[in-house]
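Q: One letter stands for each residue in the lines below.
There are 2 protein chains.
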Amino acid sequence: MIFGAILAGGTGQRMKNDSLPKQFLELCGKPIIIHTLEKFWTCTRFDAVYLGIHKDWIDYMLDLIRRFLPDQKDQIIVVCGGEDRNSTLFNVIDRVEKDHGVSEEHIIVTHDAVRPFVTLRMIEENIDAAVKYGAADTVIPAVDTIICSNDGKTIASVLDRRQLYQVQTPQSFQISLLKNLYGTLSEEERGLLTDACSICTVRNQPVHLVEGSDTNIKITTPGDLKIAQAMMEAGA
Amino acid sequence: MIFGAILAGGTGQRMKNDSLPKQFLELCGKPIIIHTLEKFWTCTRFDAVYLGIHKDWIDYMLDLIRRFLPDQKDQIIVVCGGEDRNSTLFNVIDRVEKDHGVSEEHIIVTHDAVRPFVTLRMIEENIDAAVKYGAADTVIPAVDTIICSNDGKTIASVLDRRQLYQVQTPQSFQISLLKNLYGTLSEEERGLLTDACSICTVRNQPVHLVEGSDTNIKITTPGDLKIAQAMMEAGA
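Chains A and B are the protein sequences, given in the same order.
Using the numbering used here, you'd call the opening residue of the first sequence number 1 and step up by one each time.
Using the numbering used here, you'd call the opening residue of the second sequence number 1001 and step up by one each time.
These are computed hints drawn from the structure, not numbers from a lab.
For glycine and all other residues, C-beta sits at the position ideal for the given N, C-alpha and C.
Please note that a few of the clues may not be correct.
These stretches of chain B come out as covered by chain A in the derived footprint (C-beta under 8 Å, 3 or more residues) [as the list claims (entries may be wrong)]: (1) 1133-1142; (2) 1163-1175.
Short derived list, chain A residues pointing at chain B, Cβ under 8 Å [claimed, not checked]: (3) F90; (4) K153; (5) K226.
No more than 20 Å apart at the CA atoms, straight line, and that leaves these computed lysine to aspartate or glutamate pairs for DMTMM-like [stated by the list, open to error]: (6) K1153(B) <-> E125(A); (7) K153(A) <-> E1211(B); (8) K218(A) <-> E233(A); (9) K153(A) <-> D1128(B); (10) K1153(B) <-> D214(A); (11) K153(A) <-> D1195(B); (12) K132(A) <-> D1151(B); (13) K153(A) <-> E1125(B); (14) K1226(B) <-> E26(A); (15) K1055(B) <-> E1083(B); (16) K1153(B) <-> D128(A); (17) K1132(B) <-> D151(A); (18) K1153(B) <-> E211(A); (19) K153(A) <-> E1083(B).
Kindly produce the complete structure, drawing on both the sequences and the hints.
A: Written as structure tokens, this is what we have:
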């Protein structure tokens, strides 16, 4: 079976907004997370979509689903988020397996709640790649020159940009594969590998690349919100 | 002596604008390159500011200077750009040395014409670092997770983001140091090292880091132009 997992465990300190976490801010009259959910809903291959939500905002989210997506409310399951991104993800996985049992065929397509410009093409290619290869990551070629500094004071090396990519989401996995790999990590590794694809690569599990887009932006600052508004008004 | 070098050698194909290169597009009623020049003008330590401009646009640029910066027109020198960024930079350096002679004390602060949100603090710290260490680069900590792929199909490694920085400008150099290092490069290396800081690092010349800002954006797409407009209206 194929599951969506939209991750919104955070409370959005970077937005400088005292009340609403960024995923709930409105774009063209609708909360960002609803736009994101609607994009997932354009893909007909999901058996259910799970939302990892910070515990303080679960009731608020349930209310949004009733208001904006009443027809889908039985296929959208809200799960309590964890301390960090990976624990939110594994809370969702636990709930998937509680609802649908353990199977090597279960695929999970994880996505940032604050990336509402994801496309159906990216979602479909994530599913296909996760089915075929076990793990997939959505990326774009690095835009800026990237340097490495060991001390934060001088450049150690200028990296070869032709081999570098910026990570977006979705990131998609065979659930059993990801769980098995996570089970082999030490506590220290779990703290360091905050990106789920890292869990694969440190254990030599290939992660297939899916082509993202520079429009698939992550809305984390007030400036991002402005550009997202302009993009949405322009029909992105 | 201390010189500015604002680089605008390109003709801006990424902007999808048939007529005007991006550095000439207007933000709040003034061309982007004029905003950038005005930022340089807030620093009183420059003996002159050079502009590297594509040959087709030199007359246009001279006209803009007469219109927007009539009082500074004798201290702003327009130089013909080259085939690529480095050749534009070395065209400027040749002109500096023609105008002011060769000296180990000459410092050049290079900057993208399409980064009008550079601050006086960044410019001052660039000058100080170039005087003290010979070379300086303006950077911000990497925002996205960065992965490396050798084949463009699967992830080879997820890089440790804590050591990665995205390069902005200004980039600043002791002119004699940069020229000497460039003189040691092979033709092939010159083709590969499109970032002037790379010229230093491949020859083990330390490049000191100056703290940039996420507002110091490079305007290269229509989306960037929209966000720049919003930022400028908000007083950035």
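Q: Confirm or reject each hint.
A: Going through the hints against the structure:
no. : hint                  : result
1   : 1133-1142             : holds (count 4)
2   : 1163-1175             : holds (count 6)
3   : F90                   : violated (19 Å)
4   : K153                  : holds (6 Å)
5   : K226                  : holds (5 Å)
6   : K1153(B) <-> E125(A)  : holds (13 Å)
7   : K153(A) <-> E1211(B)  : holds (10 Å)
8   : K218(A) <-> E233(A)   : holds (17 Å)
9   : K153(A) <-> D1128(B)  : holds (14 Å)
10  : K1153(B) <-> D214(A)  : holds (18 Å)
11  : K153(A) <-> D1195(B)  : holds (19 Å)
12  : K132(A) <-> D1151(B)  : holds (18 Å)
13  : K153(A) <-> E1125(B)  : holds (13 Å)
14  : K1226(B) <-> E26(A)   : holds (19 Å)
15  : K1055(B) <-> E1083(B) : holds (10 Å)
16  : K1153(B) <-> D128(A)  : holds (14 Å)
17  : K1132(B) <-> D151(A)  : holds (18 Å)
18  : K1153(B) <-> E211(A)  : holds (10 Å)
19  : K153(A) <-> E1083(B)  : violated (32 Å)
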